[in-house]
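Participant: Line by line, the protein sequences give chains G and F.
First residue of the first sequence: 1, per this note's numbering; consecutive thereafter.
First residue of the second sequence: 130, per this note's numbering; consecutive thereafter.
These are calculated hints, taken from the structure and not from any lab test.
Note that the Cβ used here is the ideal one computed from N, Cα and C, for glycine as well.
Just so you know, not all the hints are guaranteed correct.
As the list claims (entries may be wrong) - Capping the alpha-carbon separation at 27 angstroms, the derived lysine-lysine pairs in BS3-like fashion look like this:
{"id": "1", "chain 1": "G", "residue 1": "Lys-93", "chain 2": "F", "residue 2": "Lys-193"}
{"id": "2", "chain 1": "G", "residue 1": "Lys-15", "chain 2": "F", "residue 2": "Lys-175"}
{"id": "3", "chain 1": "F", "residue 1": "Lys-193", "chain 2": "G", "residue 2": "Lys-15"}
{"id": "4", "chain 1": "G", "residue 1": "Lys-18", "chain 2": "F", "residue 2": "Lys-133"}
{"id": "5", "chain 1": "F", "residue 1": "Lys-193", "chain 2": "G", "residue 2": "Lys-27"}
{"id": "6", "chain 1": "F", "residue 1": "Lys-145", "chain 2": "F", "residue 2": "Lys-193"}
{"id": "7", "chain 1": "F", "residue 1": "Lys-133", "chain 2": "G", "residue 2": "Lys-27"}
{"id": "8", "chain 1": "F", "residue 1": "Lys-133", "chain 2": "G", "residue 2": "Lys-4"}
As the list claims (entries may be wrong) - With the Cβ distance kept under 10 angstroms, some of the chain F side facing chain G (calculated, not the full set):
{"id": "9", "residue": "Met-130"}
{"id": "10", "residue": "His-137"}
{"id": "11", "residue": "Arg-236"}
Claimed, not checked - Under 10 angstroms between C-beta atoms, here's a sample of chain F residues computed to sit facing chain G:
{"id": "12", "residue": "Tyr-168"}
{"id": "13", "residue": "Ile-171"}
{"id": "14", "residue": "Phe-178"}
{"id": "15", "residue": "Gly-179"}
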Amino acid sequence: MKIKLNSIFVDDQSKGLKFYTEVLGFKLSKDIPMGEFRWLTVVSPEGPDDVELVLEPNANPASSVFQDSLFKQGIPITAFEVDDIQAEYERLKGLGVMFTREPMNVGVVTIAILSDTCGNLIQLYEVTA
Amino acid sequence: MLHKDLLHMLCLARDKLRLMQDSPLSVQQVADEVGMSLYHFIRLYKAVFGETPNQYQIRMRLEKAKLLLVASDLSITDVCMEVGYSSLGTFSDLFSRRFGMAPSTYREMFRPAVRVSDEVPRQFIPDCFSLMGGAPNLQSNIREASLI
Numbered sequence: 001m002k003i004k005l006n007s008i009f010v011d012d013q014s015k016g017l018k019f020y021t022e023v024l025g026f027k028l029s030k031d032i033p034m035g036e037f038r039w040l041t042v043v044s045p046e047g048p049d050d051v052e053l054v055l056e057p058n059a060n061p062a063s064s065v066f067q068d069s070l071f072k073q074g075i076p077i078t079a080f081e082v083d084d085i086q087a088e089y090e091r092l093k094g095l096g097v098m099f100t101r102e103p104m105n106v107g108v109v110t111i112a113i114l115s116d117t118c119g120n121l122i123q124l125y126e127v128t129a
Numbered sequence: 130m131l132h133k134d135l136l137h138m139l140c141l142a143r144d145k146l147r148l149m150q151d152s153p154l155s156v157q158q159v160a161d162e163v164g165m166s167l168y169h170f171i172r173l174y175k176a177v178f179g180e181t182p183n184q185y186q187i188r189m190r191l192e193k194a195k196l197l198l199v200a201s202d203l204s205i206t207d208v209c210m211e212v213g214y215s216s217l218g219t220f221s222d223l224f225s226r227r228f229g230m231a232p233s234t235y236r237e238m239f240r241p242a243v244r245v246s247d248e249v250p251r252q253f254i255p256d257c258f259s260l261m262g263g264a265p266n267l268q269s270n271i272r273e274a275s276l277i
């Protein structure tokens with residue numbers, strides 16, 4: 001058994017693809033039309049290329065309620081690891097990304113939290129210890 | 130940085146933008162209600178949610194219209210009013226531009242699937258849910274799904 005996919009709800013798949021590729025810097029992996037939606041995945045350019053993040057439509061009302069609730073409580077829906085969180089923070093801030101938490105050391109990791117413009121908060125972390 | 134209070138304020142604004150039939154608020158009214166200047170509100174909203182308040186309002190209204198078209202007996206004009214538009218022309222034009230077909234065509238195409246099966250039709254289920262093999266039966270019909 002392997003973990004090859006993880007998914008994240010987005011309120012608009014086109015908007016999500018733009019943010020996750022053009023802003024965060026992931027690479028498009030699969031874009032397959034499926035009725036009204038798309039099977040849309042991205043991978044990290046830093047690898048591994050067979051672990052994909054699915055940009056999943058939140059069209060099901062249950063998922064949008066879940067997404068909204070976490071966002072309102074300021075809870076990140078997932079986390080991505082970075083090598084240099086301060087550099088990444090500066091780069092993303094320069095691109096207009098809004099952070100709800102600036103880089104902050106919390107022990108073994110330094111974290112920051114940003115809005116992905118698709119209804120989610122995302123945590124970035126750098127392992128510092 | 131976006132502080133917690135400001136985040137709450139923007140979420141509140143988004144909830145207000147989503148209100149439709151009872152008393153739809155303009156973007157200016159929502160900005161006033163959350164105590165921000167219109168320019169500051171639009172700029173901040175777009176940075177956090179990736180679209181302007183106006184774009185969000187239109188998207189939400191049209192998504193709701195889509196559900197009403199397939200799951201209710203309301204006329205196209207009533208659907209238009211229900212989602213907060215007073216002009217049928219504006220509503221039809223926005224709907225056609227976003228979904229590639231007129232509201233009446235959309236209803237003709239998708240309503241039978243809902244009426245016959247009384248379940249959420251496949252085209253409304255994100256395929257990733259289908260892949261995971263669960264969601265279609267979580268709600269017994271599309272009306273119930275929309276009320277959650």
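Participant: So, for every hint listed, does it hold in this structure?
Facilitator: Quick rundown of the hints versus the structure:
1. In summary, the hint linking G:Lys-93 to F:Lys-193 is not supported, as the alpha carbons are separated by about 34 angstroms, beyond the 27 angstroms threshold.
2. Our distance criterion of 27 angstroms between C-alpha atoms is met by G:Lys-15 and F:Lys-175, whose separation comes to about 12 angstroms.
3. With a CA separation close to 19 angstroms, the supplied pair F:Lys-193 and G:Lys-15 stays within the 27 angstroms bound.
4. Taking the CA atoms of G:Lys-18 and F:Lys-133, the gap is near 26 angstroms; set against the 27 angstroms cutoff, the hint holds.
5. In summary, the hint linking F:Lys-193 to G:Lys-27 is not supported, as the alpha carbons are separated by about 32 angstroms, beyond the 27 angstroms threshold.
6. Among the hinted pairs, F:Lys-145 with F:Lys-193 is consistent with the structure: their alpha-carbon atoms are about 15 angstroms apart, no more than 27 angstroms.
7. Straight-line distance between C-alpha atoms of F:Lys-133 and G:Lys-27 comes to about 31 angstroms, which puts the hinted pair past the 27 angstroms bound.
8. Between F:Lys-133 and G:Lys-4 the alpha-carbon distance is near 34 angstroms, which puts this suggested pair outside the 27 angstroms criterion.
9. Restraint check, F:Met-130 versus chain G: the minimum CB separation of about 5 angstroms is within 10 angstroms; hint holds.
10. The beta carbon of F:His-137 comes within 7 angstroms of a beta carbon in chain G, closer than 10 angstroms, and the hint placing it at the interface holds.
11. At a threshold of 10 angstroms, the smallest CB-CB gap from F:Arg-236 to chain G is about 15 angstroms, leaving the interface hint violated.
12. Interface restraint check for F:Tyr-168: the shortest CB-CB distance to chain G comes to about 16 angstroms, outside 10 angstroms, so the restraint is violated.
13. Residue-level restraint check for F:Ile-171 is violated (minimum Cβ-Cβ distance to chain G is 14 angstroms; threshold 10 angstroms).
14. For F:Phe-178, the suggested interface contact is upheld, since its CB lies about 6 angstroms from the closest CB of chain G, less than 10 angstroms.
15. Taking 10 angstroms as the C-beta contact cut-off toward chain G, the hint placing F:Gly-179 at the interface holds, the least distance being around 3 angstroms.
The earlier numbered hints that this structure contradicts are 1, 5, 7, 8, 11, 12, 13.
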